[in-house]
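There are 2 protein chains.
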Amino acid sequence: MDLTEHCISTEDLAKGDFLCVKRDQVRLPSGHVSQREYVTHPGAVVIVPLLNNGNVVLERQFRYPLNQVFIELPAGKIDANESTLQTGQRELLEETGYQAQDWVKLGEQHPCIGYSNEVIHIYLARDLKAGVSHLDVDEALEVFELPLSEAIKLIQQGEITDSKTIVALFLTEKYIQNNE
Amino acid sequence: MDLTEHCISTEDLAKGDFLCVKRDQVRLPSGHVSQREYVTHPGAVVIVPLLNNGNVVLERQFRYPLNQVFIELPAGKIDANESTLQTGQRELLEETGYQAQDWVKLGEQHPCIGYSNEVIHIYLARDLKAGVSHLDVDEALEVFELPLSEAIKLIQQGEITDSKTIVALFLTEKYIQNNE
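The listed protein sequences derive, respectively, from chains F and P.
Heads up: the first sequence at position 145 corresponds to 140 in the numbering used here, and the numbers run straight through without jumps.
Heads up: the second sequence at position 52 corresponds to 47 in the numbering used here, and the numbers run straight through without jumps.
Careful, some of the hints might be misleading.
For identical chains, the list gives no copy identity; a pair is met inside one copy or between any two copies.
[What the hints assert, rightly or not] Dumping the calculated DSBU-like pairs for lysine-lysine here, alpha-carbon to alpha-carbon at most 35 Å:
{"id": "1", "residue 1": "Lys124", "residue 2": "Lys72"}
{"id": "2", "residue 1": "Lys124", "residue 2": "Lys148"}
{"id": "3", "residue 1": "Lys72", "residue 2": "Lys148"}
{"id": "4", "residue 1": "Lys124", "residue 2": "Lys10"}
{"id": "5", "residue 1": "Lys10", "residue 2": "Lys100"}
{"id": "6", "residue 1": "Lys100", "residue 2": "Lys124"}
{"id": "7", "residue 1": "Lys17", "residue 2": "Lys124"}
{"id": "8", "residue 1": "Lys72", "residue 2": "Lys169"}
The hints are simulated quantities; they were obtained by calculation from the structure and are not laboratory data.
Since the model is a prediction, treat every value here as computed from it, not as a measurement.
Next up, chain F with everything else stripped away, as it sits in the complex (with noise of 0.2 Å):
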């Protein structure tokens, strides 16, 4: 069976300082002319940083669209000609101060396939040196730190729900398990 929706036009239906939006005309696979409305986006890295004892570095971290804090692994946007591992690298010292000497690619996953474009990137950080984070005066978050097991607990618990922290934490306990 063909799935393929066929681009027939586009448009831009918002273009924010953050945030902007699409909305096209697309052939379906029915024949018949539909609109989809999406996000567009430059793609964003998450990173597992685990230590040599065990703990995963953590981020308490208000979500204004949410309005609650919320427990999630570093991650932040690509920037303009940079690569995912740049990226990664500059968001571990930028959230923790945190720099790794042994980076290894989880995987991609896609948080919203219905109304975005984003792609996330997940790589664990090891071999891990403690530094001076650069957050800059508007980001507030707080750093800490929690055995591997106890943040699956919380996962099960309910208590971490941030979906790309969760498929990241899933993706190294599954890492670690193959590589033991």
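Let chain F serve as the given structure and place chain P on it in line with the hints.
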């Protein structure tokens, strides 16, 4: 540390047929004023239909924002005046034709905390009875089944990258481990 950001004012940045985007002026913990732009979403439900033979029911669906076919679990948006369980039952029937006797809520996930207020409720659906799906003419998807262990392997191999599906399968694996 108080991480809370307070709303000063809110406006519609875009009102599409499907997507609504808001732009709020907010007071940061630093005292500075900044902007937050985000999609408002009614919430959604993802269902893990688990057959008695250990297979999980999955779908192949084209997702226009990424121009790609994804393997994903049945899911859909909550309609007005619908409970999350009703959404799950309706979407499972519409998309796959299955009806389930046994529904267990596994938790909730937030797919896109940076720029959407979407929450996805996660249900495990068992004791399934096959029937006829109710897709409308413009909805194109393929239904298939796979052992849960195979689906987990597809995640590790990077063949399943949809975050909501990965999170729901992960919670299912843990739930089964804990209840065996």
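Legend entry - Structure-inconsistent hints, enumerated in ascending order: 4 and 7
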